[in-house]
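Heads up: the sequence lines are chains R and C, in that order.
Its first residue numbered 1, the first sequence is counted upward by one per residue in the working numbering.
Its first residue numbered 1, the second sequence is counted upward by one per residue in the working numbering.
Think of the hints as simulated: they come from the structure by calculation, not from any bench.
Incorrect hints may have been included.
Have a look at the derived ranges for each label pair, beta carbon to beta carbon [unchecked claim]:
hint, chain 1, residue 1, chain 2, residue 2, range
1, C, Val63, R, Thr8, 32 to 38 Å
2, R, Cys41, C, Ser229, 39 to 45 Å
3, R, Thr143, C, Val3, 47 to 53 Å
4, C, Arg143, R, Thr124, 44 to 50 Å
5, C, Asp263, R, Gly4, 51 to 57 Å
No experiment lies behind these values; they were computed from the predicted model shown.
Backbone N, C-alpha and C define an ideal beta-carbon position, used for all residues, glycine too.
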Amino acid sequence: MVQGYRFTLNGEAVELEVPGMRRLLDALREDLGLTGTKEGCGEGECGACSVLVDGAVVDACLVPVCQIEGSDVRTVEGMADPATGALSPLQQSFLDLGGAQCGICTPGMLMAARAFLDNGGEPTDGAIREAIAGNLCRCTGYTKIIEAIAVAADEGREGDPVAAVYGNLDLGTSTDDYIDLIRGPAELPPEPSTKDLSAGGPGSD
Amino acid sequence: MPVEPPVTTPRTLPEAYSLLASDVYRPIAGGTDLIVQITGELGEPPERIIDLWRLDELRGIRVEDGALVVGALSTYTEIRRAALVGEWLPALAEAAATIGAAQIQNRGTLGGNIVNASPAGDTLPVLLAADASIVLGGGQGEREVSAGDFWTGYRETARSADELVLRIRFPLEPPRTIRFRKVGTRRAQAISKVVMALAYREDGGVWRDVRVALGSVAATPVRVPQTESVLEGAAPRRTVADHAAAVIAREITPIDDVRSTADYRRAVTGRIMHRMLRDEGGW
């Protein structure tokens, strides 16, 4: 049963004639040619296919096209400035801070982070970890991803973004200092506490 | 590419009821369980699907007639954010917060959790402990089924094929304390190994109307009447906790599966029970 479904995709009106139960992921990649959204597990575990539907982050592998009729869909392709190609603050921050290794999780991480920041999330370590808890990075580059989100959150704010995440570690006072620091030969900052992640597990009872 | 059965999206309940009366449809709400189940790898996919997402009559969270009423299409995110849930049934918000992560919570619904009828459904023990009832609707009208009568066997429910879950009613009188605890491999994205909800009413230092409900320890979400009778009329003291933990570990009938073992589930269920009583007793 094919019918036309209308929605906006990265700000542009789209009409798609596909079966209503087509996964949004397949519609994006196969029908619309937007392959920035990745398929990892295909069952809602990994978050590689994260996109925004009406501002909320969802797994595109679990959303049928019939449910996005009339919605506003945002994918990683819509993050950079369409006119200039300039990267968004989040993308730039991932680039600057090494928030990507193999890159498969990156589009999903960016979309989850964007939903978090757009919805006014406070960029603390614990809140950022919860915001990307549905996104797996199998290179285990989480530390740099969390840093990149914290730094992007600080765009246009006063103060030290790193301190906002880790407390005052005396790493310098600006984003640029921090980027220089972790790019250069200087000592790396201490790892963030992993206490939050282990609490509540079976072993803690 | 996964299978793509034909789907119909009704805009009103009467429209949905007439579709359900005309043929066999598999309902989809948020899709977080259903889309994984209809790939064709887990048996025959459904012939046709009814998409409930536009049925706004199934949305909304309100207090009416002495009950917290949660529309079946309420997502876990909506439940987490609802001030009324925070005020009247915070255990439901806690359960919603343990399901998947943001991506799942933004789509998955309470009605979906109920109809999917997984023994590991995280909200289901809260429904049992809270004496909730599930309101079903169809062309013949509405009927209310208590949570205790709803899950009739492994992934089987009291819902007829031509009915929809409309809303869930949580009675607020008499006021009771309700607690929730989930144990999984990690805090996010984990299907539970054991999930427990406890309800009681404090009455002059002892507990009344005690309910203890569990998920992932049997073919359906279950209450444990022997354990409840240990706690009924008792106070949350250490000796009571020791006794209740021993009884509950014997009372449940868990299995070994891919997520855990029966032995671990017995051990951790006893520990959760003990910990809940310690927290309530403040010792």
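Here is what the structure says about each hint:
1. About 36 Å separates the C-beta atoms of C:Val63 and R:Thr8, a value consistent with the hinted range of 32 to 38 Å.
2. About 44 Å separates the C-beta atoms of R:Cys41 and C:Ser229, a value consistent with the hinted range of 39 to 45 Å.
3. Distance hint for R:Thr143 and C:Val3: a CB-CB separation of about 40 Å, inconsistent with the stated range 47 to 53 Å.
4. Checked against the hint of 44 to 50 Å, the C-beta distance between C:Arg143 and R:Thr124 comes to roughly 47 Å, which is consistent with it.
5. Against the hinted window of 51 to 57 Å, the Cβ-Cβ separation of C:Asp263 and R:Gly4 comes to about 55 Å, which satisfies the hint.
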